[in-house]
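Asks: Each chain is listed here by its residues.
There are 2 protein chains.
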Amino acid sequence: MLEIEVKARADHLPVKEQLSVMGAVFVGVQHHCDTYFNAPDRDFAKTDEALRIRSVDGRSVMTYKGKKLDTLSKTREEFETPVDGGITRNILLALGFYESGIVKKTREVYRFENMTICLDRVEGLGEFMEVEIGAESDIEGHREQIFSFLANFEIGEEDSIRTSYLEMGLEEI
Amino acid sequence: MLEIEVKARADHLPVKEQLSVMGAVFVGVQHHCDTYFNAPDRDFAKTDEALRIRSVDGRSVMTYKGKKLDTLSKTREEFETPVDGGITRNILLALGFYESGIVKKTREVYRFENMTICLDRVEGLGEFMEVEIGAESDIEGHREQIFSFLANFEIGEEDSIRTSYLEMGLEEI
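In the order they appear, the protein sequences are chains B and U.
Residue 62 in the UniProt record's numbering sits at position 62 of the first sequence; the count goes up by one each step and never skips.
Residue 77 in the UniProt record's numbering sits at position 77 of the second sequence; the count goes up by one each step and never skips.
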């Protein structure tokens, strides 16, 4: 599965007003605590991979993200499975992985057509908007659709942030 | 959690008769398909670790087993979490792990006091009996309890097999 995703800084208040005008459906609010891991045999900061355990309101998922496949978006291969978060952390540490950072955020989720819109308030970093489409192919077509949608919020290609919250947080330190 | 475990070859028919006499409780039958993985940065055959995805009647768990902590039993640290088996396989392969073997078996499970008794019929290897106690400490005391129980089946310390089914299967090839 490909995750075609564009992220940009965005004040949430005007974005929510515009989402309401367009008829986007509010899905819910999630509280994320994301623990990122790095590998014993290579540096994910260099290979552009990510391995994460996300705890969402008491439930956990483990996610692997491959390197980005596109220069204008955050499109990449993604695998995600439900896990027991604490035990999976122990397994990863035993296998030689180590924690590289923790990102905490509140995410408000909306749906519009085939898109998932996430309004993220990230601890220490501020407010962001992410638009995602899950697809098997056609990166370019889906990316164009996302940027066409984002034009409603006066967000253009030049606003696209391909840096992860983890990397942004590490830069802040 | 420690898994204090002793394994030996055993014909199932007389074992079942003795379990019945002793009043062991039959728990159920499971069909296991175990896929073992090796690591990109070290050889689990040398470090005496194991990483496995077990599919049991459609549900999957990922298990990490540390090196054995005892010379007379298979006692070791173990972490196990429910997962989506197919997706977790993809994550492990993306992280550089590779499949080292597959073990298929039918397991009949019994309970007696604080022990779990597994009667395993392993494809290509034959019939075995495993007795396990999960505990936080006291390897020696629990191991003695297991061997005292196994004496009822005329199984002694000299019959204990510390080689995994995976290793036994690889030796057969």
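Just to be clear, a hint being listed does not mean it is correct.
Said to hold, decoys possible - Residues from chain U that face chain B, not an exhaustive set, calculated with beta carbons under 10 Å:
| hint | residue |
| --- | --- |
| 1 | Val15 |
| 2 | Gly58 |
| 3 | Ser60 |
| 4 | Phe79 |
| 5 | Glu80 |
| 6 | Glu123 |
By construction, these hints were calculated from the structure, which means they are not laboratory data.
We put the beta carbon where it would ideally sit given N, CA and C, even for glycine.
Asks: Verify the interface restraint on Val15/U: the C-beta must sit less than 10 Å from at least one C-beta of chain B.
Replies: violated (32 Å)
Asks: For the restraint on Glu123/U, tell me whether the closest CB of chain B is nearer than 10 Å.
Replies: It is violated, given that the least Cβ distance between Glu123/U and chain B is near 27 Å, above 10 Å.
Asks: Restraint: Glu80/U near chain B, CB-CB cut 10 Å. Satisfied or not?
Replies: Holds - the Cβ of Glu80/U comes within 10 Å of chain B, reaching about 7 Å at its closest.
Asks: Report holds or violated for the interface hint on Gly58/U, using the least CB-CB distance to chain B and a cut-off of 10 Å.
Replies: violated (15 Å)
Asks: Verify the interface restraint on Phe79/U: the C-beta must sit less than 10 Å from at least one C-beta of chain B.
Replies: Given a least distance of 5 Å, the restraint on Phe79/U holds.
Asks: Quick one, is the Ser60/U hint okay against chain B at 10 Å, beta carbons?
Replies: holds (9 Å)
Figure legend: structure checked against the earlier numbered hints; hints not met, in rising order: 1, 2 and 6.
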